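**Student:** Sequence:
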Amino acid sequence: MKMKMNNYGLWMIIWVVSVLIPFSMRNPALSCSSISMAMASQDTLLEFDYYRDSCPVAHVIVRSAMEEIYSHHKDVSAALLRLIFHDCFVHGCDASVLLDDSRGNQSYSIEKQAVPNRSLRGFDKIDFIKEKIERVCPGVVSCADIISLAARDGIVLAGGPFYPVFTGRRDSKRSYFEEVLSSLPAPDDNITQILHLFSTKGFNERETVTLLGGHSIGKMSCEFIQNRLYNFKETREPDPTVAPDFLNQMRLKCPANDSSNSRNGLSRIRAGMSYFQELSSSMSSGAGFDTHYYRSLLMGRGLLFADQQMMARENTSRWVKEYASDDGSTFRKDFARVMMKLSNLNVLVGSQGGVRLNCSLPQFSSE
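Sequence positions in the sequence shown follow mature numbering (1 follows the signal peptide of the UniProt record, and there is no 0) and run -26 to -1, 1 to 341.
Please note: incorrect hints may appear among the correct ones.
As the list claims (entries may be wrong) - Result set (EDC-like, lysine to aspartate or glutamate): computed pairs, CA atoms no more than 16 Å apart in a straight line:
hint, residue 1, residue 2
1, Lys295, Asp264
2, Lys207, Glu197
3, Lys207, Asp163
4, Lys295, Asp163
The set of hints was computed from the structure by calculation and includes no laboratory data.
Nothing here was measured: the structure is a model prediction, and the numbers come from that model.
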């Protein structure tokens, strides 16, 4: 594969040498598969620097736009991290979550309308980046690639680890409303439900614990913990596993809302796992991209029931303890690898799908 050296290429070489190879040497069984995944995304047919001829400035435009957005909206990192998770876990990383209508039929239900996705943010930021790219390279760069690149750059801007993003994804021609509920975890899922769902997407116990570490940035909306505080599992009582002092602290931040509890109980609807920073009545899940999320779980102070469930079994709690035990380097390395895996999940390539001219509409370039 011909590689054009640029800042992105240099970052990738640094990442492989400083992160992946040392890890693989300590874990020989993972050596071949890990290095292969980093240097050639053969399973998905994505490429390093896919747009090197058709739009060589694509990476630069995305990064510059994200820096501009981040300077005014620090919450964009958490918003796009959640957006890529919700996109990739539902039928793969195909930008189907961005569509405002499906198959050209505005009466057809779309992913945005599903309960777990109603609180998603960042659609306008993806549109902003797409418009910038279209001015320079019309009809070339897919919305799916923009999501993956922007999410990575947002993580880096928030102090998270860099990881290479392979490109060449194609955009879906339809939305998958009917798959959303069964494809995304809920805030009150137990450990069995969580591990089963993540395993269907190809993530093992360690990778599940790692991916949930994305909750280390952003804020947790009160709507996602309301039932845990006041009506856990329809008992009209709080979650009995929450320590009294922590319960009182959360209740001060998130007062009882009778209409929310009676009409939007999280045990009846599968609202998505969230850390968005929109509501003023939200609780911070952390200040930066480090190990505070895992230290909170060790102290029994996970905001979501699903988060705290990572301590319910030894095969997950061991990784919580591992990540909480050092300066964050182990978590950051693992998070970089798991984000590479997530962004390659069931992608469309080649003649599959297309390149949307507008990320919210199923209108495609002729190429």
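**Student:** With reference to the structure, classify each hint as holding or not holding.
**Tutor:** These are the hints, each one checked on the structure:
{"no.": "1", "hint": "Lys295 to Asp264", "verdict": "holds (14 Å)"}
{"no.": "2", "hint": "Lys207 to Glu197", "verdict": "holds (15 Å)"}
{"no.": "3", "hint": "Lys207 to Asp163", "verdict": "holds (10 Å)"}
{"no.": "4", "hint": "Lys295 to Asp163", "verdict": "violated (21 Å)"}
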